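Using the sequences and the hints, build the whole thing.
Numbered per the working numbering, the sequence shown spans residues 1 to 295.
For the record, the hints were derived by calculation from the structure and aren't laboratory data.
Quick caveat: nothing in here was measured; it's all calculated off a predicted structure.
Any given hint could be a false lead.
As the list claims (entries may be wrong) - Distance windows between CB atoms, simulated: (1) N100 x Q140: 13 to 23 Å; (2) R275 x P67: 41 to 51 Å; (3) N100 x R261: 18 to 28 Å; (4) S195 x R261: 16 to 26 Å; (5) P187 x N100: 35 to 45 Å.
Here a beta-carbon is modelled for each residue, glycine too, at the ideal position from N, C-alpha and C.
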Amino acid sequence: MTLGRSLAAVGVLTGFFVCPRAAAQDAVAAAPLDQLLERAGDYVSAFQAAFTHVVGVERYRQEVHAPGGGDMADLESEVFFVGLDDRRTWLTIRHVLSVNGRSVADSGGSVIDLLAERGGRARLRELADAGAQYNIGSLQRNFNDPMLALQFLGRESQKRFRFRHDGGETVNGIPAHRVAFDERERPTIIRDARSRRDVPASGVLIIDDDGTVLRSELGLQAPRRTQSKIRVTFEHEPRVEMMVPRLMEEEYRTAGSSRSREVITCRATYSNYRRFETGGRIIIPEAAQPNSRWP
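This is the structure in structure tokens:
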């Protein structure tokens with residue numbers, strides 16, 4: 001995954017994701033961190049197997065606020081989640097169908113249609129890259145992915161991070177643990193596309209006693225002075241009988257002169273989840289592997 005040409009430092013925003021925790025501190029027993037991470041690793045493995053080939057609808061509003069004027073875009077897309085067993089990760093396809101109410105001329109129909117037709121699978125990589133071109137603002141980005149932080153809990157990924165228990169929190173009546181994380185291995189998962197510098201990830205994962213992830217809060221720290229944070233809320237979806245991304249909130253602040261400062265806020269909601277059943281397992285071509293997006 002890459003950061004755009006104009007990206008500077010990505011840090012932690014103050015006040016964007018502040019949640020009351022006092023009551024939850026007493027509600028959640030301090031489970032040993034290693035046990036909690038083991039359960040979360042098992043959960044992520046099971047999640048990956050169950051969430052592969054799930055299709056949903058994303059309604060995504062992006063707003064740019066800048067001294068010289070703002071901008072806004074409303075995107076409606078199909079999102080398709082492909083599990084890559086060997087990489088213990090996912091490829092999230094954002095297939096944009098309309099922008100500001102106008103159909104995208106070359107959308108090519110639904111994701112399901114594209115995968116069912118001859119040669120459709122080879123377009124997955126193309127679709128993954130094409131979705132990023134509809135992001136607005138000066139900050140080029142392709143890491144606005146609701147599944148990104150969840151993958152850090154995968155068994156193969158945990159060793160890249162330093163985890164610590166950060167108290168408790170209640171989410172929708174469920175007592176949960178706050179687990180803070182900092183990426184320590186280099187090269188990092190996300191890197192600046194132009195400078196090729198590392199962009200370490202940090203944040204908090206809200207996890208219940210069983211290891212289920214209820215919310216992720218991701219911050220990124222790049223070489224200069226841009227601030228970014230992404231929060232994703234997960235809820236149970238009866239149609240696919242599992243927890244799914246329900247809401248993604250983002251905020252990006254680019255630093256600079258008073259004329260060049262910019263704030264980008266985004267809100268994506270997810271609905272209409274269903275499974276795409278095929279006669280056999282979808283084999284993702286090498287060109288579609290997530291690592292091919294990393295510099």
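*Per the hint of 13 to 23 Å, is the separation of the Cβ atoms of N100 and Q140 within bounds?*
holds (20 Å)
*Starting from the hint 35 to 45 Å, judge whether the C-beta atoms of P187 and N100 obey it.*
For N100 against P187, whose Cβ atoms are near 37 Å apart, the range 35 to 45 Å holds.
*Does the Cβ distance between R275 and P67 fall inside 41 to 51 Å?*
Given range 41 to 51 Å: holds, Cβ gap about 47 Å.
*asked:* I want to verify a distance hint. Is the separation of the beta carbons of S195 and R261 within 16 to 26 Å?
replied: holds (21 Å)
*Is it true that N100 and R261 lie within 18 to 28 Å of each other by Cβ?*
With a Cβ separation near 25 Å, N100 and R261 satisfy 18 to 28 Å, so the hint holds.
In this structure, none of the earlier numbered hints is contradicted; all agree with it.
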